[in-house]
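S.K.: Here's the letter readout for the chains.
There are 4 protein chains.
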Amino acid sequence: MAADFAGAAAQLVKIGRRFDARGWVLGTSGNFSVVVQPRPLRLAITRSGTHKGELTADDILDVDDAGTALGAGGGAPSAETRLHLEIVKARAAGAVLHTHSIWSTAMSDRHGAEGGVAIDGYEMLKGLAGVTTHEHREWIPILENDQDMTRLAARVRVTLLERPDCHAFLLRRHGLYTWGATVPEAVRHVEIVEFLLESVGRKEAASWPS
Amino acid sequence: MAADFAGAAAQLVKIGRRFDARGWVLGTSGNFSVVVQPRPLRLAITRSGTHKGELTADDILDVDDAGTALGAGGGAPSAETRLHLEIVKARAAGAVLHTHSIWSTAMSDRHGAEGGVAIDGYEMLKGLAGVTTHEHREWIPILENDQDMTRLAARVRVTLLERPDCHAFLLRRHGLYTWGATVPEAVRHVEIVEFLLESVGRKEAASWPS
Amino acid sequence: MAADFAGAAAQLVKIGRRFDARGWVLGTSGNFSVVVQPRPLRLAITRSGTHKGELTADDILDVDDAGTALGAGGGAPSAETRLHLEIVKARAAGAVLHTHSIWSTAMSDRHGAEGGVAIDGYEMLKGLAGVTTHEHREWIPILENDQDMTRLAARVRVTLLERPDCHAFLLRRHGLYTWGATVPEAVRHVEIVEFLLESVGRKEAASWPS
Amino acid sequence: MAADFAGAAAQLVKIGRRFDARGWVLGTSGNFSVVVQPRPLRLAITRSGTHKGELTADDILDVDDAGTALGAGGGAPSAETRLHLEIVKARAAGAVLHTHSIWSTAMSDRHGAEGGVAIDGYEMLKGLAGVTTHEHREWIPILENDQDMTRLAARVRVTLLERPDCHAFLLRRHGLYTWGATVPEAVRHVEIVEFLLESVGRKEAASWPS
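Sequence lines, in order, name chains V, C, R and F.
Okay, so the first sequence: first residue is 1229 according to my numbering, each after it adds one.
Okay, so the second sequence: first residue is 1229 according to my numbering, each after it adds one.
Okay, so the third sequence: first residue is 1229 according to my numbering, each after it adds one.
Okay, so the fourth sequence: first residue is 1229 according to my numbering, each after it adds one.
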């Protein structure tokens, strides 16, 4: 789970380019982090207000387990740093990635009132850590969006406790959070969940028989 | 707000490549400007009839506050230079960007009769300058398209006065105009409004319950 | 209208890369030509069976006004060379481009029985040569597809005579043909007509009120 | 059909980049193989669990006709190696490609209960080996997905026997398998079938009259 800070920053810069090419981090949306040291916890996380397709190593900040930036560089860490910290603690994650795509936003809206969306029967589910068959039912919780980060972080903590098996959650009209033991696993989870949400979303939009 | 002309031109060339990759400036559509000097006003603006994905520095013209090209280079500034000037004056903008995407065109058509489209509840709204919560209602005015630039410029002026809080407007079946205090802010506004229009457009097209 | 052969070939290679990136020439679909000499007519045209995203100069053949390949290189010119020749003669075109996109195919199918599709009111129409206002009605004829090139070429000839103002036509379930006095004009026409067909197609598919 | 292993590996790396750019191999989905020697059969095939957009030559394994990896490198060949072997044997294929796109997944789901999807009348069909006219009806079988590779391989074998003319098949909610005598032919088949599935899928989703 440990990684050197410069290496972690380079990985996040690359992820930003990839996700920007797919249109998943438009504007200055999205935020990414990597655990660089587990105890005491140190996180490399994207600076607030940056365009994720144009990140440089200077846009990656070093924060502690209270979300305080430690380095000499200016700027504040992502406003959603506390959500990253909750996920890292609850899941022993090595990386946390938040994307803000058209389809994750659409599905978070459409299924928000139900509190989540269930996806089953897709081969792509096997790419989620620990899942070995398409005959798996993944519940992706959807949380109401909130500008009060203390309240939202608490809701994230409760959700992760209540749903110990979930690999991702959505914030309503806001997008996707997922994570992994390693950076590649977290990237894989983003691609898989984005694929699944678009697949189910297009199917529902088509008004085909389910 | 001031910037040197060569630097401004380089920024517009880069923006053209990015927006072309997203399919937002097909044909020779779209036009971009940057304020290079506020008083007397000097604008770096794209030449009329150029492909925005293939701009070179020679395609950026230096115009005054009447829209007259000043440099030695040939060609005419964008036919919509007057709209840029109205926006710069009304909003003290440092950059104005016009894109012509599938979704901004579709939404300008679908909601044209209502005179605008309201978008609220999306986290992405927070990327608009001065907006601090997703609990914000953005009204994007839609103006009838017009080949008479004097008339259209006057209508833009009135709209910007009547809607002092709007961050963008649409021309019907023509596309999106937005702006920012700086070039990065204007780019961010394009990406955010394009995202929001596609999100709302896909939702409406799907005939899901709103 | 004249251009040297090597320059023409380089332009077609570049167009192939651009259109492939947009998904408009999947498989080995699409074909492109440039007039390199008007009288006697000489055409640089893509070789049959090539992937347009991976063209090299060797894939561009030199053909005469009967569609016979003149150079030393192997392979046959595009099976649709006769359609290019009809267009060059009827329109005094300097370049002819055929794309095979999802939306041009879909619209050629949906409106095939009506023999064409009318598009009006879009600003993007102004990018078509000679059109000066969005208040223009463009009729895009749709021809039944045919493997008999003699018969299909004759039908193209008749259509171009009957519709002297049209800037493009569709072959049913086959895609788009357009042209221009120059290569950049033909490219612009492709991008504009593809944009318009997708715009109208998405609108119709959405079952919004027209 | 024979090719040297290093050359085959380089081709698969390149295919991975191309298909990743189109979003057809998200997560670690997809797998590709090339026959490097027909008798005894040797296959170059992608390693299990790799991201296809980031393949290196080390991710391509050398397997025999029982699917056993022969080289010194670590890791296991694709879990679906047996399906590749069935296809190579039944069709004398030189390359087998499996993509996992949104549209192939959607169509495999929508038409799964019918056991396949028929596509006819499209010019793009002519790009399938041996097809010379758009007046061709291609039946694309859809097989139920299965984690038991022995059972699934047997079902693939039967399907290929029963449908000697088919150029591709789908696994339900899993994606597309196609092949070719050569690598370029297999790539062409992927692009053509993906195009056709998206074309038919969008048409059906639009609830236009067929």
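Worth flagging that the hints you see were computed from the coordinates, not collected in a lab.
Errors might be hidden in some of the hints.
No copy labels: a pair is met if it fits in one copy or bridges any two.
Said to hold, decoys possible - Capping the alpha-carbon separation at 20 Å, the derived lysine to any residue pairs in SDA-like fashion look like this:
1) K1431 x E1342
2) K1354 x L1380
3) K1431 x H1339
4) K1242 x T1361
5) K1431 x A1382
Given the structure is predicted, the values throughout are model-derived calculations rather than measurements.
S.K.: Checking against the hints above, which ones are violated?
M.R.: 4, 5
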